[in-house]
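Colleague: Each chain is listed here by its residues.
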Amino acid sequence: MSQLLLIIKREYLQKVRNKSFIIMTFLSPLIFTGLIVLVAYLSKINNAEKQVISVYDETGLYANDFEGYENYEFDYVSTEKEFAQVTSQVVSSEKYGLLYIPNEPVTKLKDDVVFFAEDAPNMDVINYITEVLENKAFESNLKNDGVSVEDIHKASTSVNIKIENFNGEESSKTANILKLVFGGAAGYFLMMFIIIYGNMIMRSVIEEKTNRIIEIIISSVKPIKLMMGKIIGTSLAGITQFVVWLCIGVVLSVVVSTIFHVDLSTVETPHKAMLENSGAMEAMVQDGVIEFFKLPLLTLIVSFLIYFIGGYLLYSSVYVSIGAAVDSETDTQQFMMPVIMVLMLAVYVGFFTVINNPHGTIATVFSFIPFTSPIVMLMRIPFGVDLWEIVVSVIILYLTFVGVVWLAAKIYRIGILMYGKKPSYKELYKWLKY
Amino acid sequence: MAENLLEATNVYKRYGDYTALNNVSLSIPKGSIFGLLGPNGAGKTSFIRILNQITYPDEGTILFNGEALAPKHIAKIGYLPEERGLYKSMKVGEQALYLAQLKGLSKTEAKEKLTYWFDRLEIGHWWNKKIQELSKGMAQKIQFVVTVLHNPDLLIFDEPFSGFDPINANLIKDEILRLKNQGATVIFSTHRMESVEELCDEIALINKSNKILEGTLVDVKRKFRTHTYEVALEGVNETILMSDVESRGFKIADADFDTLGDEFTCTIQIPQETAPNELLRFLMEKSSVTHFKELIPSVNDIFIKAVNNHNA
Numbered sequence: 000m001s002q003l004l005l006i007i008k009r010e011y012l013q014k015v016r017n018k019s020f021i022i023m024t025f026l027s028p029l030i031f032t033g034l035i036v037l038v039a040y041l042s043k044i045n046n047a048e049k050q051v052i053s054v055y056d057e058t059g060l061y062a063n064d065f066e067g068y069e070n071y072e073f074d075y076v077s078t079e080k081e082f083a084q085v086t087s088q089v090v091s092s093e094k095y096g097l098l099y100i101p102n103e104p105v106t107k108l109k110d111d112v113v114f115f116a117e118d119a120p121n122m123d124v125i126n127y128i129t130e131v132l133e134n135k136a137f138e139s140n141l142k143n144d145g146v147s148v149e150d151i152h153k154a155s156t157s158v159n160i161k162i163e164n165f166n167g168e169e170s171s172k173t174a175n176i177l178k179l180v181f182g183g184a185a186g187y188f189l190m191m192f193i194i195i196y197g198n199m200i201m202r203s204v205i206e207e208k209t210n211r212i213i214e215i216i217i218s219s220v221k222p223i224k225l226m227m228g229k230i231i232g233t234s235l236a237g238i239t240q241f242v243v244w245l246c247i248g249v250v251l252s253v254v255v256s257t258i259f260h261v262d263l264s265t266v267e268t269p270h271k272a273m274l275e276n277s278g279a280m281e282a283m284v285q286d287g288v289i290e291f292f293k294l295p296l297l298t299l300i301v302s303f304l305i306y307f308i309g310g311y312l313l314y315s316s317v318y319v320s321i322g323a324a325v326d327s328e329t330d331t332q333q334f335m336m337p338v339i340m341v342l343m344l345a346v347y348v349g350f351f352t353v354i355n356n357p358h359g360t361i362a363t364v365f366s367f368i369p370f371t372s373p374i375v376m377l378m379r380i381p382f383g384v385d386l387w388e389i390v391v392s393v394i395i396l397y398l399t400f401v402g403v404v405w406l407a408a409k410i411y412r413i414g415i416l417m418y419g420k421k422p423s424y425k426e427l428y429k430w431l432k433y
Numbered sequence: 000m001a002e003n004l005l006e007a008t009n010v011y012k013r014y015g016d017y018t019a020l021n022n023v024s025l026s027i028p029k030g031s032i033f034g035l036l037g038p039n040g041a042g043k044t045s046f047i048r049i050l051n052q053i054t055y056p057d058e059g060t061i062l063f064n065g066e067a068l069a070p071k072h073i074a075k076i077g078y079l080p081e082e083r084g085l086y087k088s089m090k091v092g093e094q095a096l097y098l099a100q101l102k103g104l105s106k107t108e109a110k111e112k113l114t115y116w117f118d119r120l121e122i123g124h125w126w127n128k129k130i131q132e133l134s135k136g137m138a139q140k141i142q143f144v145v146t147v148l149h150n151p152d153l154l155i156f157d158e159p160f161s162g163f164d165p166i167n168a169n170l171i172k173d174e175i176l177r178l179k180n181q182g183a184t185v186i187f188s189t190h191r192m193e194s195v196e197e198l199c200d201e202i203a204l205i206n207k208s209n210k211i212l213e214g215t216l217v218d219v220k221r222k223f224r225t226h227t228y229e230v231a232l233e234g235v236n237e238t239i240l241m242s243d244v245e246s247r248g249f250k251i252a253d254a255d256f257d258t259l260g261d262e263f264t265c266t267i268q269i270p271q272e273t274a275p276n277e278l279l280r281f282l283m284e285k286s287s288v289t290h291f292k293e294l295i296p297s298v299n300d301i302f303i304k305a306v307n308n309h310n311a
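In the order they appear, the protein sequences are chains U and Y. Per numbering that gives the first Met the number 0, the first sequence starts with residue 0, numbered consecutively. Per numbering that gives the first Met the number 0, the second sequence starts with residue 0, numbered consecutively.
If you are wondering where the hints come from, they were derived from the structure by calculation, not from laboratory data. Cβ coordinates follow ideal geometry from the N, Cα and C atoms, glycine included. Mixed in with the good hints there might be a few duds.
Below 20 Å or equal to it, Euclidean Cα-Cα: the simulated EDC-like pairs (lysine to aspartate or glutamate) are [unchecked claim]:
1) U/K425 / U/D326
2) U/K142 / U/E206
3) U/K429 / Y/E229
4) Y/K135 / U/E206
5) U/K425 / Y/E196
6) U/K18 / Y/E132
7) U/K432 / Y/D16
8) Y/K29 / Y/D152
9) Y/K172 / Y/E158
Residues from chain U shown here face chain Y by an in silico Cβ test under 10 Å; the list is partial [unchecked claim]:
10) E214
11) I216
12) S219
13) V220
14) S256
15) R412
16) K420
17) S423
18) L427
19) K432
Cβ pair distances, simulated, as ranges [said to hold, decoys possible]:
20) U/F241 / Y/G123: 36 to 46 Å
21) Y/G123 / U/L431: 25 to 35 Å
22) U/F188 / Y/E121: 44 to 54 Å
23) Y/Q131 / U/I223: 45 to 55 Å
24) U/S19 / Y/H124: 53 to 63 Å
25) U/V401 / Y/G103: 25 to 35 Å
26) U/L431 / Y/N39: 22 to 32 Å
27) Y/Q131 / U/D385: 54 to 64 Å
28) U/L386 / Y/S105: 41 to 51 Å
29) Y/Y115 / U/S19: 31 to 41 Å
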């Protein structure tokens, strides 16, 4: 077996057989799903609790207008009682709040309606109440002008603008959201992968230094082989872990949603309930599925793999040289900071500029700079990027990778045999010239 | 076939402004145990790392068995570095197999040889233990086995006895001698001068990046002889003897008088051109000589003297 394969095999098996690695692999999805179930369960309980809002309506005009909103119910209080008396009743009966509508014409209410509540009220309810009041005023104004509500309904038309690019490909809001989710997820995933497994490689380099086995090994193996073997072996372990997580995640979410009857989708979007009522939810899901298959899936997957591998290898060579330069993990901070900052920059550029303008100057420039291009370009690609841009950016990325590996190998070769003191950036620069 | 297994000529190694090896040439004869000596930071490790092709010389040539040193020679070298360790959480057998395979042995070959060596050193029952369960000395034994496992032509030991108790140190010493007898050439770097005396055929001394001394142990000792003799005499008047000795042009070195009953012991240094027989003849005239021995400098003395002279 070739030396490189031997090293890869050892690195992989060491990582995969490690107890904490195994525990992490199988426990984290459980903890993660557990948390989601907990959140879903708690929000369900929260929503199930009935909240009563008393309405003190001096006009008597809104008798049937407040029909209830989600888990909030409206209770009309007789205005024969004094307002002060009602207030104390509301407080003592621990109702959610009290809505006070003064005796004024509906169109003149403006600033006079008051909502009393013990705690800061849910803004959704307040919006609902405002809407009801405004509609009432609107209809009343129309009536005063002699226009019937039916006429208004007849007069209004809804326009649905189709969005197409010049090639005749349709796009829609759903498609845009889908693209954002895809690009964002890919970029974020890459960042997490780099941080988690880059660290792991770094630790294994430091381990060989502190174990003092390094000199024994590099008397049989070229340092660059050892370095590449470590990077590849650890990455394979990382991919294994992610695949296991994915499988467990899928199985668990199916199991959990059938056993606990928790609709996991309610967690993220409280407004879905409204959409569901009107059947819009189903439409959206259908729309989503259609749009999903309209995405250039092959391009996405291929470019994801290319950028993932390139970006990950680029950063792991940096992590390797950090590990080689220091004696212990506590000394790594100084060198880790810039790495993490560049990664964060890439993700922020991705989330703030790509979303607004996927093909703007900033997004474009950052998708060419090698240390940010894997993340930023992955976020841009779902929105359609010219092939030449991708090709140029990939070439820059891989050329940089070769250059960085060459530099990292130099630092690695010197650093692994240096014990005792933490080098400064200046010394690292000197090592490059040895 | 070359007579020297290793021939280094005018080797320079620089790290930035610092010169680690300055025009060092060394010849290491086949089948010898070669002591590579020098103070800390003299450049020994730099030289050894060049032999292992961990680093490369800036100038100079190195011939291995008559050929320019190349990556293919790595499999013919076994290196036990001074800073050595093993993967703590890996099992002994697994780890030894891995390191042997990195040296180019096939898995079955490696297993066979490991079984032989583990039996030989009676450590077979450690196979499934993790390194962290073993003591330092035990781990050292495994490192030794891994170094010699692939029957290398050249063995490089940097402080091989550190961490061993006297019994195990002896065991390892015997193994080194046995390997030498089987034809291996050994480079031996240590600060324990008594083991140099015991083991080495040749030595070289490196100080401040320069080679300051090289040769067979016998030649080096001859070169550093001080022409000093330890004598013991019976029935003699010390004072008279002393003045007689001085008047003959001999020198009583150090004030090393020692009277045991009737016996008087002292050390006498004679001029370089004088033969020891002359001194003996002179002494025999004065008294009966019960003891006459040349004081040969120890490697320890030579080391200190040579380094101090070079530094001065």
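Colleague: Against this structure, judge whether each hint is valid.
Modeller: A quick look at each hint next to the structure:
1. U/K425 / U/D326: holds, 17 Å
2. U/K142 / U/E206: Measuring from Cα to Cα gives roughly 82 Å; hence the hint is violated.
3. U/K429 / Y/E229: violated, 56 Å
4. Y/K135 / U/E206: holds, 18 Å
5. U/K425 / Y/E196: violated, 45 Å
6. U/K18 / Y/E132: Status holds; Cα separation ~17 Å.
7. U/K432 / Y/D16: holds, 11 Å
8. Y/K29 / Y/D152: holds, 9 Å
9. Y/K172 / Y/E158: holds, 12 Å
10. E214: holds, 4 Å
11. I216: Constraint on U/I216 satisfied, holds at 7 Å.
12. S219: The hint holds - U/S219 has a Cβ within 10 Å of chain Y, the shortest such distance being about 4 Å.
13. V220: Cβ of U/V220 sits 6 Å from chain Y, so the hint holds.
14. S256: violated, 40 Å
15. R412: holds, 8 Å
16. K420: violated, 15 Å
17. S423: violated, 14 Å
18. L427: Hint violated; U/L427 Cβ to chain Y Cβ min 12 Å, cut 10 Å.
19. K432: This interface hint holds because 7 Å falls under the 10 Å limit.
20. U/F241 / Y/G123: 36 to 46 Å: Because 41 Å falls inside the window, the suggested range holds.
21. Y/G123 / U/L431: 25 to 35 Å: Hint violated: Cβ distance 47 Å, outside 25 to 35 Å.
22. U/F188 / Y/E121: 44 to 54 Å: Given range 44 to 54 Å: holds, Cβ gap about 53 Å.
23. Y/Q131 / U/I223: 45 to 55 Å: 29 Å Cβ-Cβ, so the 45 to 55 Å window is violated.
24. U/S19 / Y/H124: 53 to 63 Å: violated, 28 Å
25. U/V401 / Y/G103: 25 to 35 Å: Check passed, 28 Å falls within 25 to 35 Å.
26. U/L431 / Y/N39: 22 to 32 Å: holds, 27 Å
27. Y/Q131 / U/D385: 54 to 64 Å: Cβ of Y/Q131 to Cβ of U/D385: about 56 Å, so the range 54 to 64 Å holds.
28. U/L386 / Y/S105: 41 to 51 Å: holds, 48 Å
29. Y/Y115 / U/S19: 31 to 41 Å: holds, 37 Å
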